[in-house]
Each structure stands twice: as structure tokens, then as C-alpha cells.
Amino acid sequence: MAGEIVAEMVANVWKVVASPGDEVAAGDMIVILESMKMEIPVLAEQSGTLAELRVSEGDVVQEGDVLAVLA
Amino acid sequence: MTASPQVQPQSPAKPAKPPRHQDPRNPHKRLRALLDEDSMEPISADDDSGMLAAVGTIDGAHVVAFCSDATVMGGAMGEVGCRVVVQAYERALADDAPIVGLWHSGGARLAEGVLSLDAVGRIFHAMTTTSGKVPQISVVLGPAAGGAAYGPALTDVVILGPEGRIFVTGPDVVRSVTGEDVDMLRLGGPEPHGRRSGVVHMLAESEADAIGRAREVAGLLGAQGEMDASGIADVDLGEALPDSPRRAYDVHPLVEQILDADTMLELHPRWAPNIVTALGRFGGRTVGVIANNPLRLGGCLDSLSAEKASRFVRMCDAFGVPLLVVVDVPGYLPGVGQEWDGVVRRGAKLLHAFSEAVVPRVTLVTRKAYGGAYIAMNARCLGATRVFAWPGAVVAVMGATAAIRILHRRKLAEVAPEIRPQVEAELAVEHEVIAGGVDKAVEIGVVDEVVQPSATRSALAAAIAHAFTGLADTRGHHGNIPL
Numbered sequence: 000m001a002g003e004i005v006a007e008m009v010a011n012v013w014k015v016v017a018s019p020g021d022e023v024a025a026g027d028m029i030v031i032l033e034s035m036k037m038e039i040p041v042l043a044e045q046s047g048t049l050a051e052l053r054v055s056e057g058d059v060v061q062e063g064d065v066l067a068v069l070a
Numbered sequence: 000m001t002a003s004p005q006v007q008p009q010s011p012a013k014p015a016k017p018p019r020h021q022d023p024r025n026p027h028k029r030l031r032a033l034l035d036e037d038s039m040e041p042i043s044a045d046d047d048s049g050m051l052a053a054v055g056t057i058d059g060a061h062v063v064a065f066c067s068d069a070t071v072m073g074g075a076m077g078e079v080g081c082r083v084v085v086q087a088y089e090r091a092l093a094d095d096a097p098i099v100g101l102w103h104s105g106g107a108r109l110a111e112g113v114l115s116l117d118a119v120g121r122i123f124h125a126m127t128t129t130s131g132k133v134p135q136i137s138v139v140l141g142p143a144a145g146g147a148a149y150g151p152a153l154t155d156v157v158i159l160g161p162e163g164r165i166f167v168t169g170p171d172v173v174r175s176v177t178g179e180d181v182d183m184l185r186l187g188g189p190e191p192h193g194r195r196s197g198v199v200h201m202l203a204e205s206e207a208d209a210i211g212r213a214r215e216v217a218g219l220l221g222a223q224g225e226m227d228a229s230g231i232a233d234v235d236l237g238e239a240l241p242d243s244p245r246r247a248y249d250v251h252p253l254v255e256q257i258l259d260a261d262t263m264l265e266l267h268p269r270w271a272p273n274i275v276t277a278l279g280r281f282g283g284r285t286v287g288v289i290a291n292n293p294l295r296l297g298g299c300l301d302s303l304s305a306e307k308a309s310r311f312v313r314m315c316d317a318f319g320v321p322l323l324v325v326v327d328v329p330g331y332l333p334g335v336g337q338e339w340d341g342v343v344r345r346g347a348k349l350l351h352a353f354s355e356a357v358v359p360r361v362t363l364v365t366r367k368a369y370g371g372a373y374i375a376m377n378a379r380c381l382g383a384t385r386v387f388a389w390p391g392a393v394v395a396v397m398g399a400t401a402a403i404r405i406l407h408r409r410k411l412a413e414v415a416p417e418i419r420p421q422v423e424a425e426l427a428v429e430h431e432v433i434a435g436g437v438d439k440a441v442e443i444g445v446v447d448e449v450v451q452p453s454a455t456r457s458a459l460a461a462a463i464a465h466a467f468t469g470l471a472d473t474r475g476h477h478g479n480i481p482l
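The listed protein sequences derive, respectively, from chains H and P. With the first letter of the first sequence counted as 1, position 16 gets the number 15 in numbering that gives the first Met the number 0; the numbers rise by one all the way through. With the first letter of the second sequence counted as 1, position 21 gets the number 20 in numbering that gives the first Met the number 0; the numbers rise by one all the way through.
Think of the hints as simulated: they come from the structure by calculation, not from any bench. Note that the structure is predicted; figures quoted are calculated from it, not measured. We put the beta carbon where it would ideally sit given N, CA and C, even for glycine. Treat the hints with care, as some may be off.
Computed, partial: chain P to chain H, Cβ under 8 Å [claimed, not checked]:
#, residue
1, Ala247
2, Arg295
3, Leu296
4, Gly398
5, Phe467
6, Ala471
Working from the sequences, and respecting the hints, build out all of it.
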């Protein structure tokens, strides 16, 4: 299964850290969301190549939205 | 509950069953693996009842155990097998010993009709009347369907082996009733129960690992030890936190550093991960830790995490395990989904669980504790034994900026937009001093003591040790309903 990285909660995309094509390891930061006045890093759960990055800085994401896809 | 589906049909394509003494599902083998070498003594007949019970030791401590006999009718439970389990429970109560159940069963025996349902129900009754008195641990090693699913579910800690499958009705029944095509793995395997349902507390990598974890839990709950506060060395726990107070972080390293090295055993690690519930040793003694995890949902409390924490608090309280509550919580998660999910009802469970707990329960506010979530995380007002805070911690109704936007709404509306951020910042600083700062919290008595991160371990230990002085044995003063 391709690794979809989803938003756990409603948030603003505060910073995009990784770029499409990046090789990431489990635990690497992909984006940083801002919610509840906190900066919440979203980490890769598995290693892989970042195939897609579906959000940009400033976007508002809803719970369950796919932020990025690992291949 | 329906009668069990046939989860282990004897397929003609399968190779012939090995002789019972060689069968890996033989309950003698499984119980011997659970208990210390040469310590197992059967307390039930070795017959075709589908259950075998024994007494023995785990790391030298007496326990009672029983195991499905999956070599007979897939471990299905009839009147006689159920009586074996009920008698094992009577023995555990009489011996004041933990009881461990190893499950591999298709549920009630269809052929015995309602008699088997009645017998399975007697197990449930025995489990419930034993609840909170002695620790009950379940290990699900194969399919556990129908009555065999609710058995483990009534116990304190459920461990799922890789071949374990838990469901009320099996794939065949699901298909015939709803038309939904689903296999046992997706219906009741490690993924759904580890992440979605909260039915199991721990996933194991192998049968041996599952049994090893059961031994560990039995030791933590059954042989809790005495705290040796003098053996607790201080380390600078502050290093586990990021520099920016706004940055979320994973709380696991902090919990690991608070506990004795390599003793943290997390329950429900993947379900409601915004709160961490773990057993471990502190100064050699078993303690329970509840910690907000800012990395997940910002560490907010929500309906699931409140329910998870409530059950953990009540389990620890029932067995006399003191609690350490590590607080860094921005509030309750807002939203329609949460409200409709019953965040009020489920959040109330946490207020209830802490308020009724009689074990020593010590709170440490590391960064912030806001609003209703501040109260729910074992605040002074709920009867906390002692509340510590690190320097710079904020205890408040909400963040200062949010607060002054409400308190000074009119004033802010009147100032020119270009200077509004500056005015807001000034008001926020002022507000923090009068309403949210840690000094204020100490002054009004909601925080007992500001403690340096480098002196926190010894302070927590002293608070727990002091609270235990003269405390009577409080075990069993309530049950542990699977909230």
C-alpha cells in the first residue's frame, strides 16, 4: 500500500519541509501544521520516496486530508 | 451476542492434524511457555473439555492460568470447559494471584445449545466479580470469536498475537447477513484492534512475544515491589523538550527518562496516540504514567483519549498502582465531530476516574495546561496528591492571546489595524502575569511547587513515597469496567 500521509486534525499548513522526489526515512518531517496555536510536525511513518506533495504553505487542511504520498 | 461462527472448519484440503502431544496448540505447551520452567501444575482434568487450567509462577510469583484447547473442536467452549475457567477464577481470588488466560477458541459449542451460552455467561460473571481484585490478563493466540471475544474484553489487559483474531461474528456470518466480503484479518486482526477499536492493549510479533508480554504485565501488576526513592538519580528532563514553546514533540522519550531505564511498557500505543498510557518501574516500584503527547493532535484531549486514560487510571487505582501524570495540554479538541462523539460524556469519565482514585497521583505540568483539559489531567481540584510545574509553565483558561481577544474585544476593535498586533502582544504579556503564569498558580495554590527539570525525578519520587506512608492497602475498592 502506498503510504498516504494524512492530516489528523483541522490545521493550517505552516511549513512544507520535504520536496517531491526526496528519499525519506521513518520519522522524517514532511510538513509542519499549525493548529491549537502549536506547530505540529507531521512525520513519515515509513521510509520511501516522496511521490506526491499535495499541500502548499498556507493551505487549510481538514481531518483526513492527504498531505503527501510515499512510494 | 450470537452463537459463535465456525471459525476453524476442518477443511479436507488441510494436512492431517498432528497428534495432540505434537500440536503447537496443545494447551500444556502454551501454559508451560507462560509459566516458569517446571512450575506448572494442572488444576483441571486433561480431557476434551476444550480448556485446561493450571497454577505456576511467573518470575517466581504465584499465578493462575488457563488456556483454550484448540486441538479439540477448535477450542470451542462447552459447559465443562467453562466450569474449568470459573474454577480458575475462584482459585485466583482465593490465592490473591493474577490470572492469565490464553485464548484460541471459536466461542460457545453450538452442539450444546443454550447450555453453552449459559456456561460462557458464567465466565463473564466470574470475570466481572473478580474485576479490580486481582489482575486479569488475556493473550489471544488464535481466533477468539463470540464468547471467546468477550472473555478477553472483560479483562484488564489484552495482548494480541500475530495469528490472533477477535470478532463477535465471523466473516461467514457477516457475508450472509450483510453481504460484506471481509476476511478474518481485516475484521479482527492486529491492525483494526491495534489502531481502530482499542480492543487490544498490545500487539505482539510472535506467540512467544505475546506470552513474554503477558509475563511482563503479570509482573508489573502482580509483583509491584517497594519504591526505593534513594535509588532515583536526577537527570535534566528538560532536554526532552524543544526550545520553542510552540513546537510539538513526541513525549515518549520524556516518559522513558522519568521511569527506570528500559521499564516502560506502553498500553494502547497506536489507539488514541494523543495520550500515552504506560506501566513501568520508578525506583523499582510499579507506577502508571499518563502523558499528553503533543506530537499527535497537538496533545489535545478528545473523546477517545479521555476514555483510554480513564480506563487506565481506574485499572491502576484498582490495583494500587500510583500514577504520574505528565501534562502538556492545549485543551480539548474542538469541533462538531468531537461533540457528536460524546466528548462531554467521555471526557466526564476522566474527571470521574481521577476524582475517585485513592492511589498516590502526582501531576507534573511541563509546559501548559489549559481550560477544561487542565482540570481533567489530575489537577489539584480533583484531589491530586501533589502538583508540580516546571519554571515557565502556564496554567490558564486559554492561551493569553486568545484570552485578551475576548476580554478586550471592544478595546481592540477601536485601535487601528496596523498597531493591533502590538497592542495584542502587550495585553497578552500583561494577562499572562496576572492570570496564567506559574507564580500566580503557586500563589493561588493550584500548583504546589515549581521544580527544576533537573530535580524532577527525585521530587516525584519523594511525593509518591510520602503519599504511601501510612496508606492502607486500597486494592480492589472498585472494579475495572472496560470503559
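Right, here's what the structure says about each hint:
1. Hint status for P/Ala247: holds, given a least beta-carbon distance of 4 Å to chain H, under 8 Å.
2. Taken as an interface hint, P/Arg295 checks out: its beta carbon lies about 7 Å from the nearest beta carbon of chain H, inside 8 Å.
3. Here the hint on P/Leu296 is kept, as its CB sits about 5 Å from the closest CB of chain H, short of 8 Å.
4. Evaluation of the P/Gly398 hint against chain H yields a held restraint, the C-beta minimum of about 5 Å falling below 8 Å.
5. About 36 Å separates the beta-carbon of P/Phe467 from the nearest beta-carbon of chain H, more than 8 Å, and the hint is not met.
6. For P/Ala471, the suggested interface contact is broken, since its CB lies about 42 Å from the closest CB of chain H, more than 8 Å.
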